[in-house]
Amino acid sequence: MTLDFQRLAAQLDDLGPDLRSQGEEAGQRLARALEAAHVWARRPDDLRRRLAEAQTSWRPAEPLDGPLDAAVDAPPTPADYVALATDGSHIDVERHSPLPCYLLNVGWARIHYGRSPDAELASRPELAYGDHRLALDDPADASRQAPVRGDLLAAVRAVREVETLAELAAIDDADLPVAALVDGTFLLWGLAREEITAPVKRYLLDEGMIPALDRLRALARERPVLPAGYVSRPDRGEVVHSLRLAVCPVARVDCRACPRRDDGSRPCDDVGVTTDRQLFAALLAPGQRSAVFVRQATPGSIEAQYYGEHRPATFYLRTPLGGADEIACVEMPLWLAKDGERAAALHALLLDQCRRNMGYPLALMEAHEQAVITGPERESFRRLMEAEVAAEGLVVGTSAKAMSKRGRWL
Amino acid sequence: MNEPGSGQTPSEGSDAPPQTLRAAQGDNPIGQIVQADIAGFTAGWPLHQTPPLGSLLKVDEAGTIYAVVCNARTESIDGRPPVARLSGETDLESYLEKHPHLRHLLQTTCDAVVVGHQDGAQVRHYLPSAPAPLFAPVRVCSDEETARFSQELDFLKLLLASTTHADEMTAACLRRAAAAHTTAGGGSASGGDGRAFLVRAGKEVARLLGAEPQRLTSILRRVRP
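These protein sequence lines are chains X and Z, in that order.
The letter at position 382 of the first sequence is residue 569 when you use our numbering, and the numbering goes up by one with no holes.
The letter at position 61 of the second sequence is residue 75 when you use our numbering, and the numbering goes up by one with no holes.
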């Protein structure tokens, strides 16, 4: 049977009052967090020192180009520009399938605005099968292989998205500003540190993401190419973490020796807004961006070890009027963030893209639509694979479980 | 759009057919069959350029099939409903230039009712033995072709039996055919051949709709010069 809504409803009854009391508390926290933001915005050197000294597992962010509580307006949108975006989807390796394989589909949108309007919406599928594609060998240990599926496949896809972005950005030869967008982040967050074995590092980083980012940087030296990752409704909290560390009553913050109160709460919970989003919803007017923040990299993390000048810097953006009102997080390589003019141009182009699509960059949405593999398409793909396998005279072996799911057998 | 598995680079992908058929085809855009059965087909056309209701179409591929336009639409290509922004823009062309991706996301198609086919030298006013091939090009018939095809009126039975806009389509088809007869016959000031055609066609419609006087009146009102 399906979900038992009657039993669920009983639990939902408790939800309302809980939410209400949580809401009141959150309001007070936000007010205190805002106050702290304004206070510490005037003490950037103290803040920096405190964050640098703190013993904590949080990864606080520091403002790079202005005060912590900055609310920055965008310059005017240029009439001529290019919005470029890539996005991907995939069909993971499936045990029940007759032929182990995965399918990556990278979609893109490249839209020229202005004097010579034009658009290209397309996608490119990549089918991978065979042992050498489905697992990465470890040259140092013949018994170790990293199977390309799950998180690792998602990381391969993220690499393809950025590679495609670099390819597309190189095509536009005009001197127009190019907003080159991916959905989410170009850091391979999904990978746990222990998953970054030597072959994974070589395939994904040394031969994948880093050269792609290098290409984007080389292009950006010649013309205004502005690569960025765009996160709608982000859940990050690194600026709030900075505030927490800033207001800690201990002179040199050490979270392992937190002076908890009698009720178990931490002193910094006073400013403990759940996410940065809530903080910036209060700080930014529609269309404004925050300062650019750089998050402290955990020593040994992917970004600290491999990204160098491509390390991500972020600003928060409040979407412009006329569409969904939200706080988005925009991630760009550090080298771009350090160029104030370019960061401002990126802000302006993103605003225009959001205006065109009810609060979410249009090119990203169209790239997503190109990339997405629908349910019926997945089914067609499965049938095609079976037909190919059968046509080669191979037995179509599928699991009993997969067979039984295809119909109710009476 | 790229061919699946072609391994094209994005730069090659930019060779995808641009939506500039309008410029290339001038006043006579060519459609392409996207769905077909024995009795009718749907054809894609350059954006917003379907042939008019009631016009005679011709598919010259594996034999010739004639059909009459009974419906047309412009819609989203991927099922996402277009949402009006009500931006106050008054000129469609400039709107599309400001939003260049839209041409790639909209498609215009028309439905047509098959009314006959070529059988050697003979034009047959009944259904062909096979549907029009998918992706076959579709043209609008010239006045001469329309006049020639409508010399005989047996095809009216198929039009009147259509489940889509039968009466409106029939009336529109007769008006267009009458004009074609006039043009093809030298275009006399009195309407010449066109008028004679309408009288003849009116009688045939009256015969076919003898039991349905209301439909008959409605069609005759719509073809009155």
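It is possible that part of the hints are untrue.
To be verified - Just the calculated beta-carbon pair ranges, DEER-fashion:
no., chain 1, residue 1, chain 2, residue 2, range
1, Z, Asp92, X, Ala361, 27 to 37 Å
2, X, Pro326, Z, Val97, 30 to 40 Å
3, Z, Ala144, X, Ala361, 20 to 30 Å
4, Z, Leu116, X, Ile358, 34 to 44 Å
5, Z, Thr88, X, Asp512, 44 to 54 Å
6, Z, Leu106, X, Arg235, 52 to 62 Å
7, Z, Ser108, X, Ala361, 16 to 26 Å
8, X, Leu571, Z, Ala144, 39 to 49 Å
9, X, Ser452, Z, Val97, 40 to 50 Å
10, X, Ala239, Z, Gly102, 31 to 41 Å
11, Z, Lys171, X, Ala361, 54 to 64 Å
12, X, Pro204, Z, Thr88, 21 to 31 Å
13, Z, Ser108, X, Ser244, 29 to 39 Å
Said to hold, decoys possible - Computed far set for chain Z versus chain X, every beta-carbon distance over 12 Å:
no., residue
14, Pro43
15, Asp51
16, Glu89
17, Leu110
18, Lys112
19, Leu141
20, Gly224
21, Ala225
None of these hints come from the bench; they were simulated from the model.
Model, not experiment: these values are computed from the prediction.
Glycine included, every Cβ here is placed at the ideal spot set by N, Cα and C.
Okay, the hints, checked on the actual structure:
no., hint, verdict
1, Z/Asp92 to X/Ala361: 27 to 37 Å, "29 Å, holds"
2, X/Pro326 to Z/Val97: 30 to 40 Å, "54 Å, violated"
3, Z/Ala144 to X/Ala361: 20 to 30 Å, "50 Å, violated"
4, Z/Leu116 to X/Ile358: 34 to 44 Å, "22 Å, violated"
5, Z/Thr88 to X/Asp512: 44 to 54 Å, "32 Å, violated"
6, Z/Leu106 to X/Arg235: 52 to 62 Å, "55 Å, holds"
7, Z/Ser108 to X/Ala361: 16 to 26 Å, "22 Å, holds"
8, X/Leu571 to Z/Ala144: 39 to 49 Å, "27 Å, violated"
9, X/Ser452 to Z/Val97: 40 to 50 Å, "46 Å, holds"
10, X/Ala239 to Z/Gly102: 31 to 41 Å, "54 Å, violated"
11, Z/Lys171 to X/Ala361: 54 to 64 Å, "59 Å, holds"
12, X/Pro204 to Z/Thr88: 21 to 31 Å, "51 Å, violated"
13, Z/Ser108 to X/Ser244: 29 to 39 Å, "55 Å, violated"
14, Pro43, "20 Å, holds"
15, Asp51, "22 Å, holds"
16, Glu89, "15 Å, holds"
17, Leu110, "8 Å, violated"
18, Lys112, "7 Å, violated"
19, Leu141, "31 Å, holds"
20, Gly224, "48 Å, holds"
21, Ala225, "45 Å, holds"
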